Amino acid sequence: MMRKNLTAVLAATLLVGPLAACGSSGGSGSGAGGSGGSVTVGESTSLSGSIANLGQTGLQGLQMAVDDINAKGGLLGKKVKVVSADDNAQPATGAANARSMITKDKAVALFGPVSSAVASAEEQVAEQYKTPIFFHTSNDVSLMTKTFTPYAFQNVPNTTMEPRAVADYLAKKVGSKQITIATFAPDYSFGHDTVDGFLQALKKLHVNYKLVKQEFPPLGASNISSYLSALVSAHPQYVFNAQYGGDLVAFTKQASQFGFFKDTTVIAMYAYAPLDALGSAAPTGAIGFDRAAFWAIKNPEMSKFVTAYKAKYKKYPTEWAILAYASAQEWAYGVKKAGSFDSDKVIKEIPGATVPTIIGDMKIRECDHQAEVPEYVGTISKTASSQYGGLHLYDNIFTAPFNDIALTCDEAKALQQ
Amino acid sequence: MDSGSIITNLIGILTTAGTLFMVAAGLTLVFGALRLINIAHGSFYMYGAYFATTLSAHLAGAGFWVALVVCPLAVAVMGALVEVLVLRRLYRREHLTQLLATFALLLIFADIALRLWGKDVRSIKPPSALSGHFQFAGAAVPIYNLFVIGVAVLVAVGLWALMSRTKLGWRIRAVVDDPEVLASSGTNVPLILTGVFALGALLAGLSGVVIAPQQAVQPGMDAEIIVAAFIVAVIGGLGSIVGAAVGSLVIGVVETLGAVWTPSWASTFIYALMILVLAIRPWGLFGEAER
Numbered sequence: 001m002m003r004k005n006l007t008a009v010l011a012a013t014l015l016v017g018p019l020a021a022c023g024s025s026g027g028s029g030s031g032a033g034g035s036g037g038s039v040t041v042g043e044s045t046s047l048s049g050s051i052a053n054l055g056q057t058g059l060q061g062l063q064m065a066v067d068d069i070n071a072k073g074g075l076l077g078k079k080v081k082v083v084s085a086d087d088n089a090q091p092a093t094g095a096a097n098a099r100s101m102i103t104k105d106k107a108v109a110l111f112g113p114v115s116s117a118v119a120s121a122e123e124q125v126a127e128q129y130k131t132p133i134f135f136h137t138s139n140d141v142s143l144m145t146k147t148f149t150p151y152a153f154q155n156v157p158n159t160t161m162e163p164r165a166v167a168d169y170l171a172k173k174v175g176s177k178q179i180t181i182a183t184f185a186p187d188y189s190f191g192h193d194t195v196d197g198f199l200q201a202l203k204k205l206h207v208n209y210k211l212v213k214q215e216f217p218p219l220g221a222s223n224i225s226s227y228l229s230a231l232v233s234a235h236p237q238y239v240f241n242a243q244y245g246g247d248l249v250a251f252t253k254q255a256s257q258f259g260f261f262k263d264t265t266v267i268a269m270y271a272y273a274p275l276d277a278l279g280s281a282a283p284t285g286a287i288g289f290d291r292a293a294f295w296a297i298k299n300p301e302m303s304k305f306v307t308a309y310k311a312k313y314k315k316y317p318t319e320w321a322i323l324a325y326a327s328a329q330e331w332a333y334g335v336k337k338a339g340s341f342d343s344d345k346v347i348k349e350i351p352g353a354t355v356p357t358i359i360g361d362m363k364i365r366e367c368d369h370q371a372e373v374p375e376y377v378g379t380i381s382k383t384a385s386s387q388y389g390g391l392h393l394y395d396n397i398f399t400a401p402f403n404d405i406a407l408t409c410d411e412a413k414a415l416q417q
Numbered sequence: 001m002d003s004g005s006i007i008t009n010l011i012g013i014l015t016t017a018g019t020l021f022m023v024a025a026g027l028t029l030v031f032g033a034l035r036l037i038n039i040a041h042g043s044f045y046m047y048g049a050y051f052a053t054t055l056s057a058h059l060a061g062a063g064f065w066v067a068l069v070v071c072p073l074a075v076a077v078m079g080a081l082v083e084v085l086v087l088r089r090l091y092r093r094e095h096l097t098q099l100l101a102t103f104a105l106l107l108i109f110a111d112i113a114l115r116l117w118g119k120d121v122r123s124i125k126p127p128s129a130l131s132g133h134f135q136f137a138g139a140a141v142p143i144y145n146l147f148v149i150g151v152a153v154l155v156a157v158g159l160w161a162l163m164s165r166t167k168l169g170w171r172i173r174a175v176v177d178d179p180e181v182l183a184s185s186g187t188n189v190p191l192i193l194t195g196v197f198a199l200g201a202l203l204a205g206l207s208g209v210v211i212a213p214q215q216a217v218q219p220g221m222d223a224e225i226i227v228a229a230f231i232v233a234v235i236g237g238l239g240s241i242v243g244a245a246v247g248s249l250v251i252g253v254v255e256t257l258g259a260v261w262t263p264s265w266a267s268t269f270i271y272a273l274m275i276l277v278l279a280i281r282p283w284g285l286f287g288e289a290e291r
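Here the protein sequences come in this chain order: A and B.
The first sequence begins at 1 in my numbering and counts up one residue at a time.
The second sequence begins at 1 in my numbering and counts up one residue at a time.
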């Protein structure tokens, strides 16, 4: 039965596939002691597969922050080096990378991966080796509640905050009208949590809605026509879509061919990257949200960063790049205050502090190490922005304030074990 | 279900089936003639899409139509080179060697694609003649989906005509059954094998170009499609073009109706179906039991 064997071998090859594609790059540091020389920080993230763009631009943001630190003479007289590795979105690979960065490369701080599942695995490694870790992309609220450790910091609107911000915006828009809603999200914890958070927030805001369809296509599935057909058939007035990156681009292109955006308002993470990929095909009138919209954050440091980033990478910075940069600034702030790279000293300086970053002053809450960052929501403009290369950005941008959307410290503490 | 929903779902089924069929047909054609499962087949699909994004970025207006002709041919050339330079040496080796070699090719092609195109998500606009939709029996019918289905039907009919109505098709089938006799009758067997492999690559490349205006063109799409195409080929029977067509339709139905009725189980059904087929007919619905 040759064919049967073939099938088994092929199946095995396909399953082993992702493991074979990992590797690490970058130089290694020379430890934390003494003056002169260098220190190393590590970022293990997703650099391949369908979420590679999130990982890559995050890493670029971190690299630029470190370059800027080095250009000003380094930290405590040392140059900072970045080591990076691809986690293939696998928790085991991420944890192994993090461990190797700490033990082999002597990394004094870690910066976070894309996937929250990987982040959770790395958080354990960070705690075990007493090394600070800064999450700038993965945003599962349980990283700071259920599995909280004093070594972890989260600089993203988490899975509670993000959907609440969007629900606030929608509630203001629809008032007491009855509306029909469908949801569409990738089939893993982030997708389910975000959708649940959104619906709960709507309930809390007394929005009069009827749920007509819920779908969870697999993460990274580019051919979603079957799921989309089901969604179109349900004729919802609003669709809350928790997809991002390439998945969201594929959704938008296929949905617009159905004329879906005419009668349905899609609410999705139309941040800079998907808007850039879509170009003039951007769904005007849809509601977008972004964790760090560079065009809405008005301060000289941000403009300087945007210009430098554009010059270096020929693109505007994604929210992932911006928040990675701010995270590096946060770590550097802690090191300077502590006057040392020693983890236990560094992590004492950050909670409760207000760190000046490119996104403005970023306060880090003591109870759960959540950065008090806002979420940006807006309606995608019918007119292309002349300032930003013809992109369709948001009209009437709404900046959801942290205190309106975050768990209270009491709530967060109750969830911490 | 009202008539609008039935039509919408039918379009979903046929679009899914159409894109899958074009890739799976190439995979199964190559297996039939060369007895080789080419994991790197997914790379041809991805390169078709990437070539199309690059070409249409440089050619305004008619860019898509030019890409539709030029890019599959470019991928076919790529396929011919791969066959001549690498795979030809592996025909008499064990299947495991072939699998590992083509898997290595997939990884190498993925790395090259990263160098050439980076990690950004890319997309192209459908040509204006194919964008938009019209209303039919209460359903919005996207014109582009009809185009995808149409191309897949043309490919299916073309392949059927080639295999059963031409001398070349007869030779291809003879290569499968008795290469020695065919060679002794004066046919250039290696040339036929290269040709079949290039044709398989062309079909994958064509599918890549056709999906580029509809889906996100990005890293990882090579591995995603090869898994799906392989499932189709296994269900239909490796080596059978009819099997690839039926297998694609089966997957289209299971995915689409699964998404409508039990959204979060749709992909599980597909794997369950593959296991079921393997358990009852290990050679697939239209394959032949090993001689």
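Hints listed in this document are in silico derivations from the structure and should not be mistaken for laboratory results.
All values reported here derive from a predicted model rather than from experimental measurement.
Just so you know, even glycine gets a beta-carbon here, dropped at the ideal spot from N, CA and C.
Heads up, some of the hints might be wrong.
As the list claims (entries may be wrong) - What follows is a set of in silico ranges between Cβ atoms, one per label pair, in the way DEER data are often shown:
| hint | chain 1 | residue 1 | chain 2 | residue 2 | range |
| --- | --- | --- | --- | --- | --- |
| 1 | B | Ala62 | A | Gly285 | 43 to 53 Å |
| 2 | A | Asp196 | B | Val157 | 28 to 38 Å |
| 3 | B | Leu85 | A | Asp344 | 23 to 33 Å |
| 4 | A | Thr180 | B | Lys167 | 25 to 35 Å |
| 5 | A | Asp196 | B | Trp261 | 41 to 51 Å |
| 6 | B | Ile143 | A | Ser280 | 34 to 44 Å |
| 7 | A | Ser303 | B | Trp261 | 31 to 41 Å |
| 8 | A | Lys382 | B | Pro282 | 30 to 40 Å |
| 9 | B | Leu85 | A | Asp196 | 25 to 35 Å |
Stated by the list, open to error - Here are the simulated lysine-lysine pairs, BS3-like style, with alpha carbons at most 25 Å apart:
| hint | chain 1 | residue 1 | chain 2 | residue 2 |
| --- | --- | --- | --- | --- |
| 10 | A | Lys382 | A | Lys172 |
| 11 | A | Lys315 | B | Lys167 |
| 12 | A | Lys81 | A | Lys345 |
| 13 | A | Lys314 | A | Lys130 |
| 14 | A | Lys345 | A | Lys72 |
| 15 | A | Lys382 | A | Lys315 |
| 16 | A | Lys106 | A | Lys363 |
| 17 | B | Lys167 | A | Lys314 |
| 18 | A | Lys382 | B | Lys167 |
| 19 | B | Lys167 | A | Lys262 |
What the hints assert, rightly or not - Here are a few chain A residues that sit away from chain B, every Cβ distance over 12 Å (derived from the structure):
| hint | residue |
| --- | --- |
| 20 | Gln56 |
| 21 | Lys106 |
| 22 | Pro218 |
| 23 | Tyr313 |
| 24 | Glu372 |
| 25 | Asp395 |
Structure-based check of all given hints:
1. Evaluation of the 43 to 53 Å hint for B:Ala62 and A:Gly285 yields a failure: the beta carbon distance comes to about 30 Å.
2. At about 48 Å, the beta-carbon gap between A:Asp196 and B:Val157 misses the expected band of 28 to 38 Å.
3. Remark: the range hint 23 to 33 Å for B:Leu85 to A:Asp344 is contradicted by a beta-carbon distance near 57 Å.
4. Here the CB-CB span from A:Thr180 to B:Lys167 is close to 60 Å, at odds with the stated 25 to 35 Å.
5. For the pair A:Asp196 and B:Trp261, the supplied restraint of 41 to 51 Å is violated, since their beta-carbon distance comes to about 22 Å.
6. Range check, B:Ile143 to A:Ser280: Cβ separation about 18 Å, and the 34 to 44 Å hint is violated.
7. Taking 31 to 41 Å as the suggested C-beta distance range, the pair A:Ser303 and B:Trp261 does not conform, at roughly 51 Å.
8. Taking the beta carbon of each, A:Lys382 and B:Pro282 are about 57 Å apart, not inside 30 to 40 Å as hinted.
9. With their beta carbons about 53 Å apart, B:Leu85 and A:Asp196 fall outside the hinted range of 25 to 35 Å.
10. A hinted pair counts as satisfied when its Cα atoms are at most 25 Å apart, and A:Lys382 with A:Lys172 qualifies at roughly 21 Å.
11. Of the pairs offered as hints, the one joining A:Lys315 and B:Lys167 is violated, with about 53 Å between alpha carbons and a cut-off of 25 Å exceeded.
12. For the hint linking A:Lys81 to A:Lys345, the alpha-carbon distance of about 21 Å falls within 25 Å, and the restraint holds.
13. A hinted pair counts as satisfied when its Cα atoms are at most 25 Å apart, and A:Lys314 with A:Lys130 does not qualify at roughly 37 Å.
14. This hinted pair checks out: A:Lys345 and A:Lys72 have alpha carbons roughly 23 Å apart, not beyond 25 Å.
15. Of the pairs offered as hints, the one joining A:Lys382 and A:Lys315 holds, with about 22 Å between alpha carbons and a cut-off of 25 Å not exceeded.
16. At most 25 Å may separate the alpha-carbon atoms for a hinted pair to count; A:Lys106 and A:Lys363 exceed this at roughly 28 Å.
17. Restraint check: the Cα-Cα separation between B:Lys167 and A:Lys314 comes to about 53 Å, which exceeds 25 Å; the hinted pair is violated.
18. For the hint pairing A:Lys382 with B:Lys167, the CA-to-CA distance comes to about 57 Å; that exceeds 25 Å, so the pair is violated.
19. A C-alpha spacing of about 52 Å is found between B:Lys167 and A:Lys262, which places the hinted pair above 25 Å, so the restraint is violated.
20. The Cβ of A:Gln56 does not lie farther than 12 Å from every Cβ of chain B; its closest approach is about 5 Å, which violates its non-interface assignment.
21. The claim that A:Lys106 lies off the interface holds: its Cβ sits roughly 28 Å from the closest Cβ of chain B, which is beyond the 12 Å cut-off.
22. Some Cβ of chain B comes within 12 Å of the Cβ of A:Pro218; the nearest lies about 5 Å off, and the non-interface call is violated.
23. Its beta-carbon lying about 9 Å from the closest one in chain B, A:Tyr313 breaks the requirement of being farther than 12 Å from that chain.
24. Interface exclusion of A:Glu372 from chain B stands, the closest Cβ pair being 30 Å apart, more than 12 Å.
25. In this structure A:Asp395 is separated from chain B by more than 12 Å, as the shortest Cβ-Cβ distance comes to about 23 Å.
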